[in-house]
Amino acid sequence: MENTVNINSVVLYNADCLTILPGLPANSVDLIITDPPYFNVKPQSWDNQWAGDGDYLRWLDLCLAEFWRVLKPAGSIYLFCGHRLAADIEILTRNRFRILNHIIWAKPSGRWNGCRKESLRAYFPATERVIFAGHYQGPYRAKDDGYRARCDETKQHLFAPLISYFRDARKALCITSKQIADATGKKNMVSHWFGTSQWQLPNAADYAKLQTLFREVAGQKAMVNQLTTEYDRLTVQHQALNRRYSELVDEWHQLRRPFMVTKYVPYTDVWCHGNPPIFNGGDK
Numbered sequence: 001m002e003n004t005v006n007i008n009s010v011v012l013y014n015a016d017c018l019t020i021l022p023g024l025p026a027n028s029v030d031l032i033i034t035d036p037p038y039f040n041v042k043p044q045s046w047d048n049q050w051a052g053d054g055d056y057l058r059w060l061d062l063c064l065a066e067f068w069r070v071l072k073p074a075g076s077i078y079l080f081c082g083h084r085l086a087a088d089i090e091i092l093t094r095n096r097f098r099i100l101n102h103i104i105w106a107k108p109s110g111r112w113n114g115c116r117k118e119s120l121r122a123y124f125p126a127t128e129r130v131i132f133a134g135h136y137q138g139p140y141r142a143k144d145d146g147y148r149a150r151c152d153e154t155k156q157h158l159f160a161p162l163i164s165y166f167r168d169a170r171k172a173l174c175i176t177s178k179q180i181a182d183a184t185g186k187k188n189m190v191s192h193w194f195g196t197s198q199w200q201l202p203n204a205a206d207y208a209k210l211q212t213l214f215r216e217v218a219g220q221k222a223m224v225n226q227l228t229t230e231y232d233r234l235t236v237q238h239q240a241l242n243r244r245y246s247e248l249v250d251e252w253h254q255l256r257r258p259f260m261v262t263k264y265v266p267y268t269d270v271w272c273h274g275n276p277p278i279f280n281g282g283d284k
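Residue numbers (UniProt numbering): 1 to 284.
Just so you know, these hints were derived from the structure itself, not from any lab.
Ideal Cβ placement from N, Cα and C applies to all residues, glycine included.
Treat each hint with caution, since some may be false.
What the hints assert, rightly or not - Using C-beta positions, here's what the derived DEER-type ranges look like:
(1) 191 x 52: 23 to 31 Å
(2) 88 x 262: 27 to 35 Å
(3) 53 x 191: 20 to 28 Å
(4) 13 x 50: 17 to 25 Å
(5) 157 x 50: 26 to 34 Å
(6) 54 x 28: 25 to 33 Å
(7) 249 x 222: 26 to 34 Å
(8) 157 x 33: 14 to 22 Å
(9) 119 x 8: 20 to 28 Å
(10) 19 x 270: 29 to 37 Å
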């Protein structure tokens, strides 16, 4: 490929991105920073190769489709665009990515300083835009980063002693869902108290009703009642496990999409920078 170079372990490609991207594995890129042609801004042919706005946006959507495929579930994308099509490009990007910020690049000086203000029929554009986005984390075009599954697995593991306490006590006495529902008046909570995937600790009143039921059934069957732990002890254990679970969830949440700013770099969605140095930008 023309002018492709390898600097240490970094490979630089000089080619159309739609030629390179299909060859990259899915979920292999941590960060995408892309500055495509803005279309119909520069006089050179590379910025005017599309038949119109619709044609340009269709081409850009092909790029976005490949960006979506190669970007890791916790990856980020920065897409530079001009002011004229910024709204269209944001909507286009939103179809595939979750928009995190529409950043305004405000320039301190430019051609507007020398224009005849009285002849303007609209405000002079003094900005460029940067669309900052990442993958959706819900059912809408989401990429599974394992976060939700990891949270569920950890909760089941951490709360296993409490889950087993309720489940084993019920199993030992062969108590039915109907008996539990009749005793507590809450037929929809049986799976939460005695299941695993969405387990919840009963409140004090419901636990007292459950203990009464289990004690009566155990007496009728001449069996041992295992649901005898005091509610205060269960509450203390549950609070400790819940704190640990929350700590782990917070740690994993921070790792989902790395992002960090300081007071020394722009931390708002308005970036004030001058223009980059002028280059000829001409055709080959």
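Q | Violated constraints from the hint list, given by number and in increasing order | A | Hint check: 1, 3, 5, 7, 8 and 9 fail, others pass.
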